[in-house]
Amino acid sequence: MKQIKDFFTQEECDWFLWYDTVLPETRDNGLRYQSMCHYAQPFFADKLKELQEKLPKNEEITTVNINHDYGAGGIHSDGYLEHDKEDSIANSYLIPIKYTGEERYYTLVFSQLSRRAITFNAETGLGNAGITTYKQTTREEYGLDNTPFEKSDYGFLTHLDYNSLAGFTVDKVHEWQLGTAMQWPRERFHVSANFSGNYPRSSVLILTRYT
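According to our numbering, the sequence shown holds residues 1390 to 1600 in order.
What the hints contain is simulated information worked out from the structure, not anything from laboratory work. Hints may be right or wrong, so weigh each one.
Heads up, simulated DSSO-like pairs for lysine-lysine below, C-alpha to C-alpha not over 27 Å straight-line [claimed, not checked]: (1) Lys-1540 x Lys-1474; (2) Lys-1438 x Lys-1524; (3) Lys-1561 x Lys-1394; (4) Lys-1438 x Lys-1474; (5) Lys-1487 x Lys-1391; (6) Lys-1446 x Lys-1436; (7) Lys-1391 x Lys-1561; (8) Lys-1394 x Lys-1443; (9) Lys-1487 x Lys-1443; (10) Lys-1561 x Lys-1446; (11) Lys-1394 x Lys-1446; (12) Lys-1540 x Lys-1391; (13) Lys-1487 x Lys-1474; (14) Lys-1474 x Lys-1394; (15) Lys-1394 x Lys-1487; (16) Lys-1474 x Lys-1443; (17) Lys-1443 x Lys-1391.
Whenever a hint applies, use it, and build me the whole structure from the sequences.
What follows is the structure, encoded as structure tokens:
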């Protein structure tokens, strides 16, 4: 897990903000607006090639999303879905492209993992808000123990029920920086730290697989 400074220039951040305005479909999942980039468009194929050149040679991009968050999300992994379950999943890259200086934003990565894309949104008090395409799971189903969650870390996650976090351990706290990619293995559970939502933020999410 690491941060890659200057992964995007300001010009590239602005390009994705523009590109989002011309995409035909935006989904609202209750915590964010999300656009799926359309690879079939010829001019995006060039951009995809540029993105691919920023990554290790043994990784191939499978997904590029543009997200506009207005609420903090829940714990989930970016593992495989049914259509790509045979993939050798690699890494997630989250790159902030717009936010105000009124708040500091963080993404927390946990030690626990799941190669399948699953979420604890309902279990942690968010109900069906947030990621709705991933399988909802429970603490019991996953096999979490009852070790109390570290209280100093809970200051980041006050939008989630404290007791539901027992058994989770934070491995890395990424602070958002414009144009800096935050990278972690796709199977790792991760979550947005709480924020007010008064100042919506935007990011690009890139998922890869090993070739």
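For each hint, the structure was consulted:
1. Lys-1540 x Lys-1474: 36 Å, violated
2. Lys-1438 x Lys-1524: 31 Å, violated
3. Lys-1561 x Lys-1394: 17 Å, holds
4. Lys-1438 x Lys-1474: 24 Å, holds
5. Lys-1487 x Lys-1391: 20 Å, holds
6. Lys-1446 x Lys-1436: Answer holds: Lys-1446 to Lys-1436 is near 17 Å, not above 27 Å.
7. Lys-1391 x Lys-1561: Holds, at about 9 Å.
8. Lys-1394 x Lys-1443: 12 Å, holds
9. Lys-1487 x Lys-1443: Given pair Lys-1487, Lys-1443 holds - Cα atoms ~20 Å apart, limit 27 Å.
10. Lys-1561 x Lys-1446: 25 Å, holds
11. Lys-1394 x Lys-1446: 19 Å, holds
12. Lys-1540 x Lys-1391: Within the cut-off at roughly 24 Å; holds.
13. Lys-1487 x Lys-1474: 32 Å, violated
14. Lys-1474 x Lys-1394: 31 Å, violated
15. Lys-1394 x Lys-1487: 15 Å, holds
16. Lys-1474 x Lys-1443: 25 Å, holds
17. Lys-1443 x Lys-1391: 15 Å, holds
Against the hints set out earlier in the document, violations occur for numbers 1, 2, 13 and 14.
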